[in-house]
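*Asks:* Sequence:
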Amino acid sequence: MKELVFATNNKHKLQEVSEMLNGIVKIHSLAEIGLSGDIPETADTLDGNALQKAQWVFERTGMSCFADDTGLEVDALDGRPGVYSARYAGEHCSFDDNINKMLAEMDGKTNRKACFRTVICLIDKEEKKPLFFEGRVDGVILTERYGKEGFGYDPIFMPDHFAVSFAEMPLEVKNHISHRGRAVAKLVEHLKNNK
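Residues in the sequence shown are numbered from 1 upward in steps of one, following our numbering.
Since the hints were made in silico from the structure, they are not lab data. Check before you lean on any hint, since a few could be wrong.
[As the list claims (entries may be wrong)] Straight-line C-alpha distance at most 30 Å; calculated DSS-like pairs for lysine-lysine:
(1) LYS13 with LYS125
(2) LYS13 with LYS101
(3) LYS148 with LYS186
(4) LYS11 with LYS128
(5) LYS148 with LYS11
(6) LYS128 with LYS186
(7) LYS109 with LYS2
(8) LYS101 with LYS26
(9) LYS192 with LYS128
(10) LYS113 with LYS11
(11) LYS11 with LYS109
(12) LYS148 with LYS113
(13) LYS2 with LYS192
(14) LYS26 with LYS11
(15) LYS26 with LYS2
(16) LYS109 with LYS192
(17) LYS109 with LYS148
(18) LYS2 with LYS13
(19) LYS113 with LYS192
(20) LYS186 with LYS13
[To be verified] Computed spacing ranges between beta-carbons, pair by pair:
(21) THR42 with ALA163: 34 to 42 Å
(22) CYS93 with MET63: 25 to 33 Å
(23) ALA104 with HIS12: 42 to 50 Å
Source: prediction; values computed, not measured. Glycine included, each C-beta is placed from N, C-alpha and C at the ideal position.
Please model the complete structure; the sequences and the hints are all you need to start from.
*Replies:* Laid out in structure tokens, this is it:
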């Protein structure tokens with residue numbers, strides 16, 4: 001079975017993606033291969049950050065790897081926070097801080113349309129050139145938190161065609177329809193076709 005390193009220190013993300021790739025590839029965490037420290041994320045696009053993270057791991061290990069970057073893009077905020085979603089409320093902020101800032105900025109706004117986008121960058125040691133896979137889900141920003149599952153902005157994001165937030169969904173449902181799920185599905189398709 002093919003082995004891939006997932007360039008993330010986020011345990012929630014690791015669990016989500018590992019479940020989606022189970023039986024297709026063997027996923028190694030950074031901790032498993034002895035890599036620690038913060039991976040640089042200084043690009044101003046999701047593609048750029050995903051590439052930067054994947055290259056960082058590949059240069060240090062020579063192992064096939066992939067990285068992702070996700071952004072929440074809100075219409076009423078001119079696409080913000082976008083690439084800065086994880087540190088929207090400032091460096092070293094918590095998920096809670098980001099949600100509080102989002103709810104405050106969206107207070108009184110009637111246009112609550114938003115989308116989540118995930119870009120995955122795969123660097124295969126055989127091919128060496130980076131490949132990109134994108135997933136997107138449209139929805140709205142809720143006026144308060146709902147649900148306890150998931151992470152990040154999940155309690156205040158309700159995807160189109162659903163009456164619950166991401167944080168109210170079982171993981172297998174969220175994985176099937178989420179931005180990350182859709183990007184991973186494209187990655188899976190590629191891996192199956194290129195065994």
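*Asks:* Indicate, hint by hint, whether the structure satisfies it.
*Replies:* Against the structure, the hints:
1. Distance check on the hinted pair: LYS13 and LYS125 sit about 23 Å apart at the alpha-carbon level, within 30 Å; holds.
2. A C-alpha spacing of about 22 Å is found between LYS13 and LYS101, which places the hinted pair at or below 30 Å, so the restraint holds.
3. Distance hint between LYS148 and LYS186 is fulfilled; the C-alpha atoms sit about 28 Å from each other, no more than 30 Å.
4. The suggested pairing of LYS11 with LYS128 holds, with an alpha-carbon distance near 27 Å, which does not exceed 30 Å.
5. Proximity of LYS148 to LYS11 is assessed by CA-CA distance (about 16 Å); at most 30 Å being required, the pair is judged to hold.
6. Only pairs whose Cα atoms come within 30 Å are accepted, and LYS128 paired with LYS186 is accepted, the gap being roughly 19 Å.
7. For the hint linking LYS109 to LYS2, the alpha-carbon distance of about 48 Å lies beyond 30 Å, and the restraint is violated.
8. Only pairs whose Cα atoms come within 30 Å are accepted, and LYS101 paired with LYS26 is rejected, the gap being roughly 38 Å.
9. Between LYS192 and LYS128 the alpha-carbon distance is near 18 Å, which keeps this suggested pair within the 30 Å criterion.
10. Between LYS113 and LYS11 the alpha-carbon distance is near 28 Å, which keeps this suggested pair within the 30 Å criterion.
11. For the given pair, LYS11 sits about 33 Å from LYS109 by alpha-carbon distance, which is inconsistent with the 30 Å threshold.
12. At roughly 22 Å between alpha-carbon atoms, LYS148 and LYS113 fall within 30 Å of each other, so this suggested pair holds.
13. Pair hint LYS2 plus LYS192 holds up; C-alpha atoms about 10 Å apart against a cutoff of 30 Å.
14. For the suggested pair LYS26 and LYS11, the alpha carbons sit about 16 Å apart, so the restraint of at most 30 Å is met.
15. For the given pair, LYS26 sits about 6 Å from LYS2 by alpha-carbon distance, which is consistent with the 30 Å threshold.
16. Of the pairs offered as hints, the one joining LYS109 and LYS192 is violated, with about 44 Å between alpha carbons and a cut-off of 30 Å exceeded.
17. This hinted pair checks out: LYS109 and LYS148 have alpha carbons roughly 25 Å apart, not beyond 30 Å.
18. Distance restraint check for LYS2 and LYS13: the Cα-Cα separation of roughly 20 Å lies within the 30 Å cut-off, and the hinted pair is therefore satisfied.
19. With a C-alpha separation of about 35 Å, the suggested pairing of LYS113 with LYS192 is violated against the 30 Å cut-off.
20. With a C-alpha separation of about 17 Å, the suggested pair LYS186 and LYS13 falls inside the 30 Å cut-off, and the hint holds.
21. Hint check: THR42 to ALA163, Cβ distance near 39 Å, so the stated range 34 to 42 Å holds.
22. Our hint of 25 to 33 Å for CYS93 and MET63 holds, since their Cβ atoms are close to 31 Å apart.
23. The supplied range of 42 to 50 Å is broken by ALA104 and HIS12, whose beta-carbon atoms lie about 24 Å from each other.
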